[in-house]
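Please take these sequences and the hints and turn them into a complete structure.
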Amino acid sequence: MKADLPKLRSAASVQFSRFSANRMAMISVWLLALTVALCFLGPYAFPFTAEDADFDNISAGVDLFSIHPFGTDDYGRDLLIRVLEGGQVSLMIGFLGALVAGVIGVLYGAVAGFAGGRTDNIMMRFVEVLYGFPYVILVILLSLLLGGGTLALFTALVFTLWLTPAVIVRAQAQSLSRREFIEAARAGGMTSWQIVTQHIVPNTISLVIVYGSLLVPEVILSESFLSFLGIGIKEPQASWGNLIQIGTSQMATDLRLLLLPGTLLALVLFCLNFIADGLRDAFDPNEH
Amino acid sequence: MIPFVAKRLWNGFLTLAALATLTFFVMRLAPGGPFSRNRKISPEVQANIEAAFHLDEPVYQQFARYIWGILRGDLGPSTRFRDYSVNDLIAAGLPTSLTIGFWAILVAALVGIALGLAGALRRNGWTDYAAGAVGVIGIAIPIFIIGPLMQAYFSVYLGWLPVGGWNDGWRSLILPVLVLALPNIAYISRLTRSSTIEVLRENHVRTARAKGIGPARVLLGHAMTGALLPVIAYLGPASAALITGSILIETVFALPGIGRFFVDAALNRDYPLVMGITLVYGGFLIIFNIMTDLVRGWLDPRIRHEG
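Chains as they are written, first to last, in our numbering: chain V, 1 to 288; chain B, 1 to 307.
These aren't lab readings, by the way, just hints derived from the structure by calculation.
Derived, one-sided and incomplete: chain V residues facing chain B with beta-carbon distance under 7 angstroms:
#: 1; residue: 132
#: 2; residue: 133
#: 3; residue: 136
#: 4; residue: 137
#: 5; residue: 145
#: 6; residue: 251
#: 7; residue: 266
Away from chain V, derived, C-beta distances all over 10 angstroms, residues of chain B:
#: 8; residue: 54
#: 9; residue: 62
#: 10; residue: 90
A virtual CB, placed ideally from N, CA and C, is assigned to each residue, including glycine.
As structure tokens, this is what we get:
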């Protein structure tokens with residue numbers, strides 16, 4: 001960083017300007033926003049839903065100027081609408097899942113790191129054992145245990161993904177808990193819980209934003225992966241994963257069923273990865 | 001070194017025990033059973049089948065039987081493939097999975113390190129950009145999109161390679177190995193690139209150069225070990241990614257490996273097979289992690305002495 005930056009700028013504004021100087025990251029933000037808007041608003045532009053079958057147009061091909069711009073599937077359901085509504089599910093699970101997993105992980109890590117000693121030992125031992133599990137297996141088993149379906153999948157994903165933020169935040173919280181301002185807070189009569197939520201957590205926030213942004217693509221990828229295998233979200237509910245699975249089974253005759261959801265999923269993952277890179281560079285430039 | 005290995009083995013054993021217990025109870029608590037079908041069968045037949053698989057016993061007794069079986073190396077009969085034991089099925093599927101996994105990790109390590117080094121040594125050259133592009137593609141496009149696309153192009157359109165299956169010798173290996181290696185190539189080349197750039201700036205490398213040692217010897221003799229440490233550390237998580245990947249690959253390419261057996265067993269509530277494969281995966285992960293740590297400790301004394 002140049003030395004002639006104005007001295008009085010807040011850390012947040014420096015980080016924000018660093019992020020907005022990253023061209024790939026900014027393009028990704030706009031592309032992602034566009035995709036999200038398309039997924040959530042696009043379906044309203046059509047007079048039918050993803051589950052309405054159009055029996056006059058079964059397996060219609062791509063015709064950009066017809067009522068079904070990207071054609072229909074075997075049941076006469078509009079492919080574009082299905083992909084967009086599938087995107088709603090995938091994106092919702094991605095962002096909500098990362099948020100919930102992040103909050104759980106941060107609180108768990110902050111408590112463990114702040115408490116230290118015996119509590120910390122037990123809490124982190126538990127994390128360690130869970131870490132040793134093969135991740136996919138755990139997700140598959142949990143979503144089976146919870147009976148399948150969207151909510152079960154969501155819970156299983158959150159349950160397996162809070163571990164990494166917990167470990168990262170715990171290390172940070174541990175070093176924070178020895179600092180003077182924590183001592184001062186305690187001397188001033190704050191309870192441990194107040195210290196954790198008002199001093200420890202806010203001080204780990206930049207770390208959490210960086211790693212949390214990596215969680216989003218991970219959740220989306222896991223969701224589509226499981227739906228692809230037939231364990232996650234099931235028909236007639238569309239998600240990018242199960243749409244890609246249908247596309248794969250018909251790719252020898254009709255590649256568009258694979259390409260449309262596949263391209264959107266890849267685009268979203270591209271964007272999220274570049275945004276995460278941009279955030280990391282903005283928040284801790286020393287890393288590189 | 002020995003206490004270090006012993007500690008890791010003990011930790012691994014605890015993890016495996018927890019995994020076995022969790023899997024057992026998850027499968028028992030999950031709704032539906034291996035023999036709950038749409039088709040009605042008479043209560044006597046149902047009772048007979050359940051008795052044959054000891055499903056009529058109380059849960060603690062089933063659990064004891066299961067643990068005792070594991071200790072004797074017997075994972076029980078499969079409830080779906082009636083004539084096979086879980087041991088048979090794993091013995092049949094494991095070689096396929098291991099072959100693909102082995103070649104994929106080898107290809108990923110060789111190509112990934114080569115791309116990373118090329119990128120680090122000629123920064124902003126065309127190899128650097130090519131490696132960057134491979135990296136982005138490998139990370140952002142999931143296996144289950146790349147796999148079918150490659151099948152569509154190389155097998156259906158060009159007809160060079162089989163679409164799937166395991167009957168064409170080395171030709172049926174190429175696509176699965178490539179697709180499975182791709183995301184790992186991406187991570188490994190990124191890691192190698194950044195760590196090589198970092199190491200080349202260090203004092204001992206500068207000293208070696210100042211002494212007049214040629215660039216090839218500086219790279220291989222002085223910079224390489226340090227540059228590859230993060231890559232070796234990544235091999236632990238890579239093994240977990242490999243398991244995830246191989247489940248997908250075996251489904252996409254219709255390969256008879258344990259990953260496909262696992263998905264099939266999970267969907268059909270074949271408890272013994274799910275538990276057996278889970279243990280195999282868990283054991284594999286633990287052994288791989290310990291080996292990774294050993295190699296790191298061997299290369300980097302700081303890690304060894306930390307314990």
